[in-house]
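Add 44 to a position in the sequence shown, counting from 1, and you land on the number used in the working numbering.
Just so you know, the hints here were simulated from the structure itself, not pulled from any lab data. A portion of the hints provided could be inaccurate.
[Unchecked claim] Restraint ranges, calculated between C-beta atoms of paired labels, are given here:
| no. | residue 1 | residue 2 | range |
| --- | --- | --- | --- |
| 1 | 249 | 219 | 39 to 47 Å |
| 2 | 277 | 253 | 25 to 33 Å |
| 3 | 249 | 101 | 47 to 55 Å |
For glycine and all other residues, C-beta sits at the position ideal for the given N, C-alpha and C.
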Amino acid sequence: NDFLPRRSPPRSAEFPMRTRLIPASSFQPPDSYWRLLNYFNLFRLTVAGFFVVTFVQFGAVLTFGVDDPTLFFLVSILYTLFAALMVLPISLRWPRFNVLLSIQVGADVAFIVILMHASGGIGSGLSLLLLVSLAATGMVSRGRLAMFHAALASLAILGEQTYRVLGLGADERYYLHAGLMSMGFFATAGLAFALARRLTASELLAREQSIDLENLSQVNQLVIRDMHDGVLVVDDR
Numbered sequence: 045n046d047f048l049p050r051r052s053p054p055r056s057a058e059f060p061m062r063t064r065l066i067p068a069s070s071f072q073p074p075d076s077y078w079r080l081l082n083y084f085n086l087f088r089l090t091v092a093g094f095f096v097v098t099f100v101q102f103g104a105v106l107t108f109g110v111d112d113p114t115l116f117f118l119v120s121i122l123y124t125l126f127a128a129l130m131v132l133p134i135s136l137r138w139p140r141f142n143v144l145l146s147i148q149v150g151a152d153v154a155f156i157v158i159l160m161h162a163s164g165g166i167g168s169g170l171s172l173l174l175l176v177s178l179a180a181t182g183m184v185s186r187g188r189l190a191m192f193h194a195a196l197a198s199l200a201i202l203g204e205q206t207y208r209v210l211g212l213g214a215d216e217r218y219y220l221h222a223g224l225m226s227m228g229f230f231a232t233a234g235l236a237f238a239l240a241r242r243l244t245a246s247e248l249l250a251r252e253q254s255i256d257l258e259n260l261s262q263v264n265q266l267v268i269r270d271m272h273d274g275v276l277v278v279d280d281r
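Please model the complete structure; the sequences and the hints are all you need to start from.
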């Protein structure tokens with residue numbers, strides 16, 4: 045065995061060797077990614093449905109829809125319908141994973157920022173829901189996508205605050221809250237992506253080790269098959 049190549053053992057029709065090289069263009073997300081996307085959508089459906097039920101039962105309670113109840117209720121219904129419709133593309137796995145993920149995150153940003161605007165702006169606390177979205181997408185997306193989604197959410201939050209200051213005469217001090225929230229978006233997306241990258245590296249290492257073990261087993265079978273002599277090891281019994 046010492047004289048056999050470690051990474052390129054002899055091939056044969058009976059023992060075809062496996063390879064760990066996968067073209068990037070043909071890479072497909074594992075099933076676990078699609079399951080996470082499905083759980084993420086169930087969370088979205090739960091939150092949107094909660095807004096609808098709460099508004100129907102209690103009206104503009106606390107800060108939900110305090111500035112524009114009609115807009116809040118209408119957007120909550122549309123958000124619920126969007127989450128329900130997303131079940132079909134996820135089950136069909138169409139369109140591509142990254143495209144579907146970006147569509148969902150973009151919709152989350154749009155719906156939540158409008159709900160936040162109808163509820164009094166950054167002070168309503170609804171912007172915290174975007175942290176959940178960015179954490180979930182950071183776990184299943186690649187680095188640049190996670191940062192892009194964080195930038196999209198930050199621009200939406202800052203744009204809404206700018207509109208309130210310039211168009212509605214809101215207090216400028218809330219810019220600090222919007223800026224801190226934007227920093228939180230990037231930190232959440234970055235940390236989630238770093239954690240996901242470590243998990244992915246561990247999975248790839250385990251997969252490579254399993255391939256090495258399988259290749260070594262095939263090499264041993266080839267050696268045993270071509271040996272003219274053999275060794276039998278026994279104990280004192």
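Each hint tested on the structure:
1. For the pair residue 249 and residue 219, the beta carbons lie near 45 Å from each other, so the given range of 39 to 47 Å is met.
2. Take residue 277 and residue 253: their Cβ atoms lie about 27 Å apart, and the range 25 to 33 Å holds.
3. Against the hinted window of 47 to 55 Å, the Cβ-Cβ separation of residue 249 and residue 101 comes to about 51 Å, which satisfies the hint.
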